[in-house]
Structures are given as structure tokens and as C-alpha cells.
Amino acid sequence: MFWWPGMKKEIEEFVYACLVCQKSKVEHQRPLGLLQPLFIPEWIWDSIAMDFMSGLLRTAK
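Numbered according to the UniProt record's numbering, the sequence shown spans residues 1 to 61.
If you're looking for bench data, these hints aren't it; they were derived computationally from the structure.
The beta carbon of each residue, even a glycine, is placed where N, CA and C say it ideally should be.
Some hints here could point you the wrong way.
[What the hints assert, rightly or not] Within a straight-line C-alpha distance of at most 30 Å, the following computed BS3-like cross-link-like pairs (lysine-lysine) qualify:
1) Lys25 <-> Lys9
2) Lys25 <-> Lys8
3) Lys23 <-> Lys8
4) Lys9 <-> Lys23
[What the hints assert, rightly or not] Using C-beta positions, here's what the derived DEER-type ranges look like:
5) Tyr16 <-> Arg58: 30 to 40 Å
6) Val26 <-> Ala49: 27 to 37 Å
7) Gln36 <-> Lys61: 33 to 43 Å
8) Glu12 <-> Phe39: 28 to 38 Å
9) Cys21 <-> Gly55: 45 to 55 Å
10) Trp4 <-> Leu56: 27 to 37 Å
11) Leu56 <-> Ser24: 18 to 28 Å
12) Gly6 <-> Ile44: 37 to 47 Å
13) Leu34 <-> Leu57: 35 to 45 Å
14) Met7 <-> Trp43: 51 to 61 Å
Please work from the sequences and hints to get the whole structure.
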């Protein structure tokens, strides 16, 4: 169900009582800077990037 009677009021009350929600409100965030153009490498493999993730839980699969 994506809607129920009184949903707006319940959401307002939840957000008002949620400390994380209050800290992450737009008013408490710095404005973002201007967009910068991306560097375009001259040659293939001239520039590479990697993201590392650690601390992930093992699953049965």
C-alpha cells in the first residue's frame, strides 16, 4: 500500500521526532559547489579508478 488515510500527518510526526531526519534537513547542509568538468584522458587506460569496499558480511551464497 502506497497511501493510507492520515499518511501525511503520520509522516510529519515521524520526521519531526526523528533526530537523523532533523540533522539531514536541507537547512542544515552546506550548499554544493559548482560542477567541474571531468578530465578526459588522451589515451585508453591513461587513467583508471577503483572503488574498494570492505567489511561486507558473508552470506550463505
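Quick rundown of the hints versus the structure:
{"no.": "1", "hint": "Lys25 <-> Lys9", "result": "holds, 18 Å"}
{"no.": "2", "hint": "Lys25 <-> Lys8", "result": "holds, 18 Å"}
{"no.": "3", "hint": "Lys23 <-> Lys8", "result": "holds, 21 Å"}
{"no.": "4", "hint": "Lys9 <-> Lys23", "result": "holds, 20 Å"}
{"no.": "5", "hint": "Tyr16 <-> Arg58: 30 to 40 Å", "result": "holds, 39 Å"}
{"no.": "6", "hint": "Val26 <-> Ala49: 27 to 37 Å", "result": "holds, 30 Å"}
{"no.": "7", "hint": "Gln36 <-> Lys61: 33 to 43 Å", "result": "holds, 40 Å"}
{"no.": "8", "hint": "Glu12 <-> Phe39: 28 to 38 Å", "result": "violated, 44 Å"}
{"no.": "9", "hint": "Cys21 <-> Gly55: 45 to 55 Å", "result": "violated, 26 Å"}
{"no.": "10", "hint": "Trp4 <-> Leu56: 27 to 37 Å", "result": "holds, 36 Å"}
{"no.": "11", "hint": "Leu56 <-> Ser24: 18 to 28 Å", "result": "holds, 24 Å"}
{"no.": "12", "hint": "Gly6 <-> Ile44: 37 to 47 Å", "result": "violated, 58 Å"}
{"no.": "13", "hint": "Leu34 <-> Leu57: 35 to 45 Å", "result": "holds, 39 Å"}
{"no.": "14", "hint": "Met7 <-> Trp43: 51 to 61 Å", "result": "holds, 55 Å"}
Violated hints, listed in ascending order, are 8, 9, 12; each of the other numbered hints is respected by the structure.
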